[in-house]
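Novice: With chain A's structure known, arrange chain B on it following the hints.
As you go down the protein sequences, you meet chains A and B in turn. Heads up, the first sequence is in our numbering, so the first residue is 34 and it goes up one at a time. Heads up, the second sequence is in our numbering, so the first residue is 16 and it goes up one at a time.
Hints in this document: simulated from the structure, not taken from any laboratory. Just to be clear, a hint being listed does not mean it is correct.
[Unchecked claim] Below are the EDC-like pairs computed for lysine to aspartate or glutamate, each with C-alpha atoms no more than 16 Å apart in a straight line:
1. B:Lys-117 <-> A:Glu-120
2. B:Lys-64 <-> B:Glu-81
3. A:Lys-47 <-> A:Asp-121
4. A:Lys-99 <-> A:Glu-120
5. A:Lys-53 <-> A:Glu-137
6. B:Lys-64 <-> A:Glu-92
7. A:Lys-99 <-> A:Asp-121
8. B:Lys-117 <-> A:Asp-121
9. B:Lys-64 <-> B:Glu-79
10. A:Lys-47 <-> A:Glu-137
11. A:Lys-74 <-> B:Glu-79
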Amino acid sequence: GAVVSQHPSWVICKSGTSVKIECRSLDFQATTMFWYRQFPKQSLMLMATSNEGSKATYEQGVEKDKFLINHASLTLSTLTVTSAHPEDSSFYICSAESAVSSYEQYFGPGTRLTVT
Amino acid sequence: AQSVTQLGSHVSVSEGALVLLRCNYSSSVPPYLFWYVQYPNQGLQLLLKYTSAATLVKGINGFEAEFKKSETSFHLTKPSAHMSDAAEYFCAVSAGGTSYGKLTFGQGTILTVHP
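Here chain A stands alone, though its shape is the one from the complex (with noise of 0.2 Å):
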């Protein structure tokens, strides 16, 4: 139980377009999901917070108009990486909170987004 899958795992695009990645809670529902962001041999950073039916909430320096956040339902959260350019380039991981277990946090296994 307490699955977070991600979709894609791992997605290269061009210069200027925008990516879209997916975070799904398979087995249980997240009110919230946080979104991070992993630079190689470096830790994970959060970059925003995302409860259903309201807007996301991002960490100091993230550009939310970057990095669009939609959380549309209690098992789906969207990352969208607009105009992306190479320092975008990075590894996004999503985590889901579930309300039922205390509030645990379950990850999901990463995107690997390399802008070309």
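Specialist: Same frame as chain A, but now just chain B:
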């Protein structure tokens, strides 16, 4: 604000030896502390957490960690390493309350277990 420092980006032990992964934290409020493990191509998995109850926390797979406020530490230990313990381990802290889910991670420690 919170921060986490994991001492040693790589730790190597022999099978059967003690595992000790170090984590020090900084927090302006009483912290909630976590250890996660990540196997290749998988999501982070919670090993254990400290949420202001017992200072010695037991987790899955034989791991445990002790919260030491005076030393601002939350080191992860396992008495006897197994080959399957080879993975990357992350220490994380949160402020709790409404910020419980907002985790600040350390840089990670890759554990290698030699036969």
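Novice: Decide, hint by hint, whether the structure agrees.
Specialist: Here is how each hint holds up against the structure:
Straight-line distance between C-alpha atoms of Lys-117 of chain B and Glu-120 of chain A comes to about 24 Å, which puts the hinted pair past the 16 Å bound. Pair hint Lys-64 of chain B plus Glu-81 of chain B holds up; C-alpha atoms about 10 Å apart against a cutoff of 16 Å. Between Lys-47 of chain A and Asp-121 of chain A, the direct Cα distance comes to roughly 11 Å. Compliance with the 16 Å bound is thereby established for this hinted pair. Our distance criterion of 16 Å between C-alpha atoms is met by Lys-99 of chain A and Glu-120 of chain A, whose separation comes to about 12 Å.
Between the alpha carbons of Lys-53 of chain A and Glu-137 of chain A the distance comes to roughly 26 Å, so the proposed pair goes past 16 Å and is violated. A hinted pair counts as satisfied when its Cα atoms are at most 16 Å apart, and Lys-64 of chain B with Glu-92 of chain A does not qualify at roughly 24 Å. Note on Lys-99 of chain A and Asp-121 of chain A: the hinted pairing holds, with a Cα-Cα distance of about 10 Å set against a maximum of 16 Å. For the hint linking Lys-117 of chain B to Asp-121 of chain A, the alpha-carbon distance of about 22 Å lies beyond 16 Å, and the restraint is violated.
The suggested pairing of Lys-64 of chain B with Glu-79 of chain B holds, with an alpha-carbon distance near 9 Å, which does not exceed 16 Å. Only pairs whose Cα atoms come within 16 Å are accepted, and Lys-47 of chain A paired with Glu-137 of chain A is rejected, the gap being roughly 36 Å. In summary, the hint linking Lys-74 of chain A to Glu-79 of chain B is not supported, as the alpha carbons are separated by about 25 Å, beyond the 16 Å threshold.
The structure shown violates the earlier hints numbered 1, 5, 6, 8, 10, 11.
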